[in-house]
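Student: The chain contents come next:
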Amino acid sequence: MSNEAQIKSVALFFSFALMDDQLARQATLATLYRLKKKLEKEKLNDIETQSLIVELMMKFWLRYQKYIPKSGGMYSGGLNTLKNDYTDLGPWREFKRMTDDNEFLAVLWSQVIGFSDEAIAKGLNTTIGTVRHRVSRGLRLLGERMI
Amino acid sequence: MDMNLGNQKRKLTKFLCREMLYDYIQGHLDKARDEAVREYLENDEDLRDELENLKLAIQYSKELGHAELDESFLKEIVESKSYFAQMADQLAWRNLPEYVKWGLEAFTIAVSVSIFSIFVPWERVMDWIPREKEPAIVKEAPRPVLVVGQKNNQSETVKEPSEESNVEAKVDEVGTQQENQNVKEKEPLVVSSEKDFAENNNANVVTTVEKNELSQIQKLKEDQQEEEEELTEKNTKKKAKLIGTKKALKGELYRAFMTLDKIDLVTDEIREKIINFGGEKAGKVRLGWRKKDGSYFHFTFPEKNFEDLEQFLKSYGAIRVYKDPHWRVMPEGQIRIILWVEDSEHKK
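Chains A and B supply the protein sequences, listed in that same order. For the first sequence, the numbering used here gives the first residue as 1, with consecutive numbering after it. For the second sequence, the numbering used here gives the first residue as 148, with consecutive numbering after it.
To be clear, the hints were calculated from the coordinates, so they are not data collected in a lab. Model, not experiment: these values are computed from the prediction. All residues carry an ideal CB built from backbone N, CA and C; glycine is no exception. Don't take every hint at face value.
Stated by the list, open to error - So the derived list for chain B, only partly shown, Cβ under 7 Å to chain A, looks like this:
(1) Y169
(2) A204
(3) I224
(4) I265
(5) V267
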């Protein structure tokens, strides 16, 4: 996994997970700094790198999501962390607000970021079946918001 | 509806089919289940709708994943440092203002000096520094000059001899040349008893000085030197050692002088009285050592009986008493007296 790919995956994750520019920036920088320190100590293959990234993302998401306002930090415009090719984030916001955190994050890692189910399961210290079940339920809810 | 898993057929419910839709889309099902789900979907419109929604959700998620990051954000990420790295940069010594640098340096020096001064054992350090032995300088105590009345107890007041400046005193049981000089300079010769002196301590009149009394003192010292010569060689060396060392004059020695006739008779009487009052021979020679020109008494005496002894001696004639500082310290309640009774007939 290249450095650019790592940066993009972490930045996208926090952008869509926190839905707040400032928090997304801080969480991204903190995660990448920690990831850099870890990768300097040991060499990992792709699966192990992805699982490490998942683990760090989870850690910092838990830390920063406490700062999200009760209103959800939603705004009508897009995220400034993304290029202004307009992407309708409405369904996504609704999905984030209505679904369980585990299912939401599972969809984000699996379908948005593109991590393998095995890496996600290893990073969360759970089974692949559990990850797929969460993704299935999450996508079902997201699909209902698409209507 | 039956499913075949291998040769086995499984029954599929709507619930199970719904749960397996995602795996069906992803191709995670085995052949039997895949076929079973396909057959079920053909007969269930709701599940087909759910399948379509699922596909839309997957497509939508993929589109989100294709979103490009803003270039400024990317640049910020690439060039950024962690919070602590930023703090470390700001707190780097080179980036601090000058006044802060000076303050920190001064604080560090102050703390270092304080710790050093507190924890260094200065007493031991001072012991290591070699010092020159300083001569023992002893301040000679001012001699109280006593005015002794004559046989008819006439008393005369005297002027107390002027105090000497610091005098380096030699250790000598007999006395020193310097003391002789002091005696000469002071001219204390007209004296009274200590008791009278206490009463007349405001006196300012100096009576006549008798030169022969100075010679008496000189002679007394010569006699004392003779006494030392009569001591054994061992004691002499011991004394020499003592003389070599300069000890602080913390003790006192009473010197008394009288001039009487019928010296032989007087000597015995005085000796007997001294013993009766509790006196004991202090020197090596016998109490009342009879010499050609007088009698020498060197004894320790209870201080409480000194006045009584003085009164007794005054009954014979005038007595002059000096109290000199001496290196030998007597036990509490005891004093040491050297009494010289000169033969007036020999003097003539």
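Student: For the restraint on B:I224, tell me whether the closest CB of chain A is nearer than 7 Å.
Tutor: Holds, because the Cβ-Cβ distance from B:I224 to chain A comes to roughly 6 Å (cut-off 7 Å).
Student: Against chain A, with CB atoms and a cut of 7 Å, does the hint on B:I265 hold up?
Tutor: Cβ of B:I265 sits 41 Å from chain A, so the hint is violated.
Student: Could you check if B:A204 really has its C-beta closer than 7 Å to a C-beta on chain A?
Tutor: With a minimum Cβ separation of about 4 Å from chain A (threshold 7 Å), the hint on B:A204 holds.
Student: Could you check if B:Y169 really has its C-beta closer than 7 Å to a C-beta on chain A?
Tutor: holds (4 Å)
Student: Taking 7 Å as the limit, does the beta-carbon of B:V267 come near enough to a beta-carbon in chain A?
Tutor: B:V267 check fails; min Cβ-Cβ to chain A is 44 Å, beyond 7 Å.
Of the numbered hints stated above, those contradicted by the structure are hints 4 and 5, listed in ascending order.
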